[in-house]
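Visitor: The listed protein sequences correspond, in order, to chains A and Y. Sequential numbering from 1 applies to the first sequence in the numbering used here. Sequential numbering from 1 applies to the second sequence in the numbering used here.
Since the hints were derived computationally from the structure, they do not count as laboratory data. There could be a bad hint or two in this list.
Covered stretches of chain Y, going by a simulated chain A footprint (3 or more residues, C-beta under 8 Å) [claimed, not checked]:
{"no.": "1", "segment": "179-187"}
{"no.": "2", "segment": "217-223"}
{"no.": "3", "segment": "410-416"}
{"no.": "4", "segment": "444-454"}
Glycine included, C-beta positions come from ideal geometry on N, C-alpha and C.
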Amino acid sequence: MRVNSPRDFCAGVFFVALGIAFVVLSSHYHIGEMRRPGPAVFPMIVAVTMAVLGGVITFRSVVFADNEAPLDFHFRPIAVSVIAITLFGILLDWLGLVVAIVALVVVAAYATPKPRLASALILACAVACFSVLIFVGLLGLPIRLWPEL
Amino acid sequence: METLSNLALGLGIAFTWQNLIYCFVGCFLGTLVGVLPGIGPVATVAMLLPFTFGLGSAPALIMLAGIYYGAQYGGSTTAILVNIPGESSSVVTTLDGYQMARKGRAGPALGIAAIGSFFAGCVATLVVAYFAPPLVEIALKFSPAEYFSLMVFGLIAAVVLARGSLLKATAMVCFGILLGLIGTDINSGVARFSFGQINLTDGLGFVPVAMAFFGITDVVMNLEKNEQQEASTTRIGRILPSLDDIRMSFWSILRGTGLGSMLGVLPGGGALLAAFAAYMVEKKIAKPPRNFGHGDIRGVAAPESANNAGAQTSFIPMLTLGIPSNPTMALMIGALMIQGITPGPQVMNERPELFWGLVASMWVGNLMLLVLNLPLVGLWIRLLTIPYKMLYPAIFAFCCIGVYTVDNKIFDIYLLAGLTLLSYILIKFDCEPAPMTLGFILGPMLEENFRRTLMISLGDPSVFLTRWLSAAFLISAAIMLIAVTLPALRATRDEAMRE
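Isolated chain Y, as found in the complex:
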């Protein structure tokens, strides 16, 4: 009952004019970047940080959240109609969605994607509303040892779930942690790895790092591929799926939503992983006749539901623990810090209007997205006719301005240039940037909690294993790591990732 009254409080906040407008702006921009390939939610949120300086914390968070889950809706549109995933999380949707479009069923594909996403969004909103408060209760009892072990668990989970080599992903996490440690050490005041540079004593900002790794480098890779997009001439036709379509995809939507909600909470999880997993599961357990890869509507329904659910539940660790599960969430934390709020378990009790307003706005946002996407789909498709060579210089400009305006430091621009080169080289070495950014974000927190634990225990490192919750996290991390290195499971993982 308490949850319902809290949700009512949240709805009251989400339905103020100001918040409705920012929610709409967020969803609109999210759909826009979702449709446009080559620019994702991370870069967009980073670019829009300066827009939030003058806002209150609730509208700022509502708008940024809208961008993230809005992008999941928009990404499916291009995936289905032109076989280009507008967002990495809609890669799987291209498999069956585009095949459906080629068979003249683009309308129902878009329709089921939107309906699935909407359903998943509603459920995920409830999941956040019901699961976050008990988690906060637990989190308030955490000592530094638990925080440390939880973060280790999170990083290992991210490595295990990352694509490609396990070893390289782990090394990238380490590299990220080390980059995150650059700057003044808060305990001793020593400026580490700063080479006497004043600019480095504050540490590297997350915005230049995120922009370099997810904004500029993505554009550069697209330019290398130099693929010309064909302007779409697909006729969309009737959008509403038939009763048969709905009956067929009903369970897929449910499964996708459930799986997505769970996987979204994991660090390194979120939308992308949820979509992949949902598709794999669907291929295994959907009722015959299975027609996956040749336009099976369930191959659209499940991953689309999953990515939207995952996008929303990935807010849970950020809101309850103050631990970001992916780069977008790290930027949200950045946005909150600018507002003078330190994310963590105390936020829900101290600022209930912020927490519940955000949760309720997710539901409102999903409703808006339904309207934005279904009737207006033709409009979004026309955007794809803008040639990429007009688009990318503008993306560069907005990225640079966004990076500069966070701190008004020219140094951050040079940092952006340098990190772009670094991330390009790493991608050429087949090293995924995602685990690195997670290490970068968690590195300082990891060290802080590590040192605090040792200080409290008077130098006895065994507390990490004698406190049962901390031990549970570490043991689960170890089991996970051992499990994926076992040959049998390793083969399945590799197979799953190759799809």
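Bound-form chain A, shown alone:
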């Protein structure tokens, strides 16, 4: 089998899989009756629609060559960004805002091909100072700044 539109094919399979998953999950909830529909009804309708649409998209992608562009992933920017944000979450909880921002900015700098550690560190300090001044100093938001001793 040859797929004519790889991006559409992936999208279709994604929607079918997700649709089925939501139908299965919804089936655990109460259906209710027509005059008092339960929590399962509406998600079930939507999920079935999505799965059917996904099926049509998949079918079309195999048969028609609407969109022949291949899938192209560039792993570095997306992977580094997701890691940087997750790290921010972990560190914010554990060591406070200042450390979290510095780590986020420094790690995020590695999303580009030629990062420079020194300039990333300077930028990190600047962003951290600015954020502390604005968000905590000026707005008084309740965020912990430093690690608790």
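Knowing the structure of chain A, use the given hints to seat chain Y on it.
Guide: Frame of chain A; chain Y shown alone:
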């Protein structure tokens, strides 16, 4: 007459010192993010939500609104001078605006863009002032069936107007609705799709969703393209367009304003669609000699007027029905909810100062933007010399802080990371995020009204078609859907989207 006295009331509120300052801050920040590529009004409004916690509802809304329409002004500056659309809605402006700049007419291009935007802004303010009150009257008579059908109509309109595949856009709407349903069901108290996670029982917050889909992912896509911006050396020259320029673009500005005002009201519409449509129309009906694509001033005047008009009239469904027509409006609703106000038809009667203050502030804001943009254009251009690699880590930091401070939940940060990955993958599958976010926002309201209708009608689903207004919405939605699938129209739509 009543409208005028209401507008006067609004002007009184907009002209208090506090509101003037917040209006200015909003317009200033809007222009800033408009100029800077890679960060749009959605992400900015989301980031600034924490700033509004301590404000009253009127200044909060005035400031956030200023960001949205301010971004439309700022976006055109970079589009014209460096061929980079600072905002997605100014993509069309690059076609003729940049060509004008290359021919040494950057000044008049900027001038006509600002004048067109200002004119459109003034007209759109009046449109909101005159059309919102009668709509509120109608909306107050809506039963759940009408609300449901109206939202279905809105979602279908968004799908039809979205770029790319119709099927995928519809599937994305469904996906968005399902994501929106995560959390505790208000009727039965069952926590749906939460996998026993306490954090999921409250549902997904809109701010992490909006930030992931419109903030972080945009940056990631920019990093992938890895395009180096050339610092601008364009000489701007005289800014005021000549009398000939004005005479030539007069009708284009009028057409752009009219079209933009109409398209802004549609769900999924707003600034972007308005600009595209205005340019297409201009290409078809402008008086010869037509020089589109090679620096025709009308190709700048029309879309710039349209995007500003559209940005402002997209407030109408939000203010009158409580239904957001685009992600920015959804955030505005979020901001109002934080203030303890549930948007809907009752707001205009219960809080006239909020409604009319906002409307009047739009006009004031447009005046400020004229000043901010024309004489200060050189300043904004200098901002473009900041290298992107200095900018994006800072954007990440502010996005993360913004997401965290909405609810002070670390979980929202992890959610942001996860959703970023999801949205990246979906974009790689050529699935546009805009219909999904609309589904996400409307999903819970859609279900609520669906169930209420069935309860009221004692389980008879035919009410959706026997109540004439509800039927009208559903039938129009069906016609729209059938119309775009017809081969002839489909071809035009595809052609229009490709431009």
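Visitor: Just to make sure I understand the rule, a stretch counts as covered if three or more of its residues have a C-beta closer than 8 Å to a C-beta of the chain. Does the segment 444-454 of chain Y meet that for chain A?
Guide: holds (count 5)
Visitor: Report holds or violated for chain A covering the segment 179-187 of chain Y, Cβ cut-off 8 Å, minimum 3 residues.
Guide: With 3 residues close enough to chain A, the hint holds.
Visitor: Are there three or more residues in the segment 410-416 of chain Y whose C-beta lies closer than 8 Å to some C-beta of chain A?
Guide: holds (count 4)
Visitor: Just to make sure I understand the rule, a stretch counts as covered if three or more of its residues have a C-beta closer than 8 Å to a C-beta of the chain. Does the segment 217-223 of chain Y meet that for chain A?
Guide: Held - the segment 217-223 of chain Y has 3 residues with a Cβ nearer than 8 Å to chain A, which meets the minimum of three.
Consistency with the previously given hints is maintained throughout, with no hint failing.
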